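Generate coordinates for the entire structure from the input sequences, incorporating the hints supplied.
Numbering that gives the first Met the number 0 applies: residue 0 is where the sequence shown begins, and numbers increase by one.
Derived by calculation from the structure, the hints in this document are not laboratory data. Some clues are possibly wrong.
Claimed, not checked - Pairs of lysine-lysine residues, derived as DSS-like cross-links and limited to a Cα-Cα distance of at most 30 Å, are as follows:
1) K423 with K288
2) K288 with K411
3) K336 with K297
4) K81 with K177
5) K336 with K318
6) K411 with K297
7) K177 with K11
8) K177 with K264
9) K267 with K288
10) K423 with K325
11) K267 with K18
12) K324 with K423
13) K288 with K264
14) K423 with K297
15) K423 with K318
16) K81 with K182
17) K411 with K423
18) K325 with K336
19) K182 with K11
20) K264 with K249
21) K423 with K320
22) K267 with K249
23) K18 with K264
24) K324 with K336
25) K182 with K249
26) K11 with K81
27) K177 with K18
28) K336 with K320
This one's a predicted model, so the numbers in the text were calculated from it and none came from an experiment.
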Amino acid sequence: MYRAVVSSEGSKLLEWTLKYRGEKPMVVVGEFGPAGLIISTGNSPPEPVPMNINSSDMLRLWPNTPVGDLVFTGDVAGAVVKETLRFQADRYSIDANIRVENATGQPQTVTIAFPWFVRRHEKAAEEKFIGQRPTEVVWSSGGHVNRIDDLGAVSAREFDGEWIGLDSTWYLAALLPKTPGFKLATNAEPAGDAKNGVVSVAVRATPTIAPGQAWEGRVEFYIGPKEYERLVAYGLEGTLNFGGFPIPRKYGGLPMEWLGVPILKLMKWVYHYVGNYGLAIILLTVVSKVLFYPLTVKSMRSMKAMQALQPQVNALRSKYKNDPKKLQEETLGLYRKHHVNPMGGCLPMIAQVPIFYALYLALSVSVELQNATFLCFGRVFGIDVWICDLASHDPTYVLPILMGVTMFLQQKMTPTMGDPRQAKMMLVMPFVFTFMFLNLPAGLVLYWTVSNVLQILQQWFMDRPRSRGTAREAKDAARA
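Structure follows, in structure tokens:
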């Protein structure tokens, strides 16, 4: 699952190579990342504790030996430190147990911290989480998840809470205090520089230890993918950001977890039976279309009826172009006469928007799609052919182009009503969306493409048996 390299300088994690669903590992390495155990006393500045390893310097975890410990000891200005790092074969986490003993003859106030650093702006490849560098600070306080989605807005703070971390769409590095006495902290250096410098998050304790006594604490580090079930086991499920509807949550939008989480679970349930996330996305899209088919039919029939009345509406506009009040009265009277609701084509579609938006969000945050293949034919000249990673964009750009073509066909088949200029603008939208989708994850583009194809089939099914009836309805409406 992972490979870890730990330094004797503060037991700093030098490397964390995470093999997750394929050959594209997440690597945490170098100057930035976890700084290890930092201790300061009244007689010493904050610094990593020089450590000696008192156990085997190499651990190999196997099914028959799934747990292993690294034990470090050191001292700082009269404080004797012992730290035990526990690794488990089936968990993307490290359990740190710390014991600090006061070996002096006076009470000592000791600051014990575990910070994690990241640059405010992406500069080095090793800082990335598979192209997804940490983009926000996230923490839980009083059971409420808080976010700072602009690293330039991070400032020096200390507060109570359950956990704190650096977050990206698919991966998370979180620090979870497991014993009382720890505070959560954020910092930015240099302060006030929103574009340059370094941001850090930390858990920090400041106990006063009597002579000859010891303080003990425990902190767990989660460094891994944001799989829902794994996150729930650590109480970190709130890091999955399903956003808000119809506006971002931070501006008052409705939280979408109530829809996004069940859809995410449903996708994984389907995957369990079909064994391919591409097929799971297709089946999930089909199910959503089937569930909303009655509303879609109602919307299409209403739009057809409106289209049939359009010649009369245009005639009324010409006749009463200088009398808006009379035009409104006559238009509403026309709709009442033919039992047509002007909003009938919109309301059924609006009712579906939250569901499809939640499905879109569930695919957006699903790390399970990383390295998941669908119609993958290998690599040619270093390029995947075709969809070899549903979490990455299609390198051949065939899928976004197909999406644009299906969207164009859908727009051509959709009944038009009203301003011809608006109809022309709608025909331009497929080209705009194609450009927007070129670099989006292939899983999202696949969902959108399949949705378009199903919409085309629904429109064809509606038009085919009703073509004569619709033409007769249009003629009758024109005579009325």
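Each hint tested on the structure:
no., hint, verdict
1, K423 with K288, "27 Å, holds"
2, K288 with K411, "20 Å, holds"
3, K336 with K297, "19 Å, holds"
4, K81 with K177, "17 Å, holds"
5, K336 with K318, "19 Å, holds"
6, K411 with K297, "19 Å, holds"
7, K177 with K11, "20 Å, holds"
8, K177 with K264, "29 Å, holds"
9, K267 with K288, "19 Å, holds"
10, K423 with K325, "29 Å, holds"
11, K267 with K18, "20 Å, holds"
12, K324 with K423, "28 Å, holds"
13, K288 with K264, "18 Å, holds"
14, K423 with K297, "25 Å, holds"
15, K423 with K318, "25 Å, holds"
16, K81 with K182, "21 Å, holds"
17, K411 with K423, "10 Å, holds"
18, K325 with K336, "16 Å, holds"
19, K182 with K11, "20 Å, holds"
20, K264 with K249, "25 Å, holds"
21, K423 with K320, "23 Å, holds"
22, K267 with K249, "29 Å, holds"
23, K18 with K264, "23 Å, holds"
24, K324 with K336, "18 Å, holds"
25, K182 with K249, "25 Å, holds"
26, K11 with K81, "14 Å, holds"
27, K177 with K18, "27 Å, holds"
28, K336 with K320, "21 Å, holds"
The structure meets every hint from the earlier list without exception.
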